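Protein chains: 2
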Amino acid sequence: MQSSNQRFAQRIASVRPSAIREILKVTQRPEVISFAGGLPAPEHFPTATLGALASEVLASIGSTALQYSLTEGVPELRAWVAERMQGVWGIPTTPDDVLITGGSQQGLDLVAKAYLDPGDLVALEAPSYLGAIQAFDTYQARYLTIETDGDGLIPEALERSLSQLSVQPKLLYLIPNFQNPSGTTLSAERREAIVRICEQFEIPIFEDDPYGELRFAGTPQRPLASFSSRSPIFYAGTGSKVMAPGLRVAWLLLRDPAIRAQVVPLKQASDLHTGTLAQYLFHRFVADESRFSEHLHTISSLYGTRQHAMVSGLRATFGSDIEFTIPEGGMFLWATLRGIDNTAALFPYAQERNVVFVPGEFFYANAKQHNGMRLSFSNTDETKITEGLTRLQAAVNAYHQAS
Amino acid sequence: MQSSNQRFAQRIASVRPSAIREILKVTQRPEVISFAGGLPAPEHFPTATLGALASEVLASIGSTALQYSLTEGVPELRAWVAERMQGVWGIPTTPDDVLITGGSQQGLDLVAKAYLDPGDLVALEAPSYLGAIQAFDTYQARYLTIETDGDGLIPEALERSLSQLSVQPKLLYLIPNFQNPSGTTLSAERREAIVRICEQFEIPIFEDDPYGELRFAGTPQRPLASFSSRSPIFYAGTGSKVMAPGLRVAWLLLRDPAIRAQVVPLKQASDLHTGTLAQYLFHRFVADESRFSEHLHTISSLYGTRQHAMVSGLRATFGSDIEFTIPEGGMFLWATLRGIDNTAALFPYAQERNVVFVPGEFFYANAKQHNGMRLSFSNTDETKITEGLTRLQAAVNAYHQAS
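Respectively, the protein sequence lines represent chains R and X. Be aware that the first sequence starts at 1, since it is given in our numbering, and climbs by one per residue. Be aware that the second sequence starts at 1, since it is given in our numbering, and climbs by one per residue.
Derived from the structure by calculation, the hints contain no laboratory data. Just so we're clear, the structure is a prediction, and the values are computed from it rather than from any experiment. Even glycine gets a Cβ: it sits at the ideal position worked out from N, Cα and C. Each hint should be verified, as a subset may be incorrect.
Said to hold, decoys possible - Restraint ranges, calculated between C-beta atoms of paired labels, are given here:
| hint | chain 1 | residue 1 | chain 2 | residue 2 | range |
| --- | --- | --- | --- | --- | --- |
| 1 | R | Ala258 | X | Gly150 | 16 to 24 Å |
| 2 | X | Ala188 | R | Gln86 | 40 to 48 Å |
| 3 | R | Pro95 | X | Ala188 | 48 to 56 Å |
| 4 | X | Gln401 | R | Ala258 | 39 to 47 Å |
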């Protein structure tokens, strides 16, 4: 018989140590130029507006904004989410379909808690979002990684993988827009193809879309959840990237009443409900349609400008020694450098020169590839991007000299 | 092989349907006098103060109050919690020991997630907090219920139960102060006795203390966590009852660095971190020591007045036909009525007369007892308490006439 402590250690052993947290600590130092963190630009948080709105919400809604509230979320916010999902994104949604969550991360945790037994398979892109892998790790998932290219997950690769399996994955997890970490977007024709494949193999899809509203180039694509399917499609959206992450307000669409009746009690058992004041504050901000669309336009344009600065900077600095994705929105691009097989080995040289990035290996659920790096452009202005890339070049030179 | 849906249904079947949520819906109707919900008195939420503090926080701290933040919590708040736990409650605590959680409920969820495998035993009081039972249910716990009396959990009963088991519980869960639902307080001498028994049997304790600051009579008792023990004692405190639940700010003390290193990643995988603005707001409110202690005095006194109104009202209304606990703090008391074996059967008669309570059966993890009822006095003023008890008497009379 095992002691509590042994079993406890085993339970946790499967959760990846968050080495990335150590990297992010470095970014706190003011002299460091960080392409590492996936942080929205704080200079465009509506800080003053929210101060005024907080007083307004508390004066008009009063103590209800501070009291216990419904697990599903504040009715006004659920109605706004439903209207936006339906009206802007074409996902058939009623307010009843909306569960307000503590960040998209909680949506991942709840669905994983509901669906995954130890050893169950989750299909996902390689590379994929580290936080999702951590959420699935908690429930001791195993992974089926699916090949991707510049247009996102490859449907034929998915179909081929699934048809070779005797036990199917419990979920397909993907980020169709401006993927984290690659920056690629799933092409229009692949979206319906993937929905049909998952319908055929009866695999629920978790469509994680934190960046969809942050498009600065190209044409918006239909969410996978806008296609009808007999197999469930969970869709997660968030206020973190369109307003501010510190409120922890996001939403998970649970459009099947039977699934909803099962997931909502899991949310209740996890934390009763998401912050009441935070929900009212977020709602008050976005309910002013012209203010919200102007705000979205401002931050998307800013990220577009910064992406452009980084893309030109990478070309100017590294010429033909670099390959990278050119995202049409979001916060990240993905780069590989000629002659650098292991970006984790490059990292100390960069850190020494006060520039940081996330080594690509962190984003692989299974067999790690070591030659990629995620570069975030959202949180760094153009001057610092140029300076950061100069430092990165110096780091690359030093690395080559040392090896 | 089972389909996803079958396994999904099985997974969720163990989570108790939240019949209590249905009861709480009734309490939304303005004509209903509710002794049901465990709601703090909203008329004493610092609503206007928080509106002003929100502007102040956002003006002084700026975008940091809205950005992603550390999983462990905002440093200022962790420091305040440590100081209060150490200074007021005598629990040896450093800021590093503090994990800020989304309500105490999340602390329960995280510890359950870390410790419980399906079928594992949790020892707890009978009756106990429904939300804790729901959190443990999620991880398919089984229960060992321990006998209690007017002084709380009986150490001899605990020791006897444990010594008869070949496989020990993974946790002892208890609420030592003004217990939910019974209103009883664990006596001083029993506290150390329970710590020693759990040390001997190597059972971690989860000490849930949401109400400890709400004492209006009697003498404060040392927390179990203030005794040193070789077996871990988790202590959970919350801002929900001392300020407002809608911020979802609470804390879990994890004083063993090894356990902390294991639980913090589970919090990160669950929701990254608790709301940044909410943490700063709560901290700003409590950091003004005289304002906070005055606020605590105001609400404790109010609850004392209401407890007194309910206690006198119960005596005046039901005379020797009722037995009930007389809590020294908190929000609830527990009553049994002569001739009423099943308070769930009484409930419809009460609801018809626009007064509601929570039937006691919901609070039993194992064998249900049906003759108790939880009466909350915190959220109802004295006039309504009197009127509510008159209605309850009418319901009791109608119930007896019908049976």
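Outcome for the supplied range 48 to 56 Å, where the beta carbon pair is Pro95(R) and Ala188(X) = For Pro95(R) and Ala188(X) the Cβ distance comes to about 51 Å; the hint holds.
Take a look at whether the Cβ-Cβ distance between Ala258(R) and Gly150(X) falls inside 16 to 24 Å. violated, 44 Å
Between Ala188(X) and Gln86(R), does the C-beta distance stay in 40 to 48 Å? At 59 Å between Cβs, range violated.
**Prompt:** Do the beta carbons of Gln401(X) and Ala258(R) sit within 39 to 47 Å of each other?
**Reply:** Hint holds: Cβ distance 42 Å, inside 39 to 47 Å.
Of the numbered hints given earlier, the model fails hints 1, 2; all others are met.
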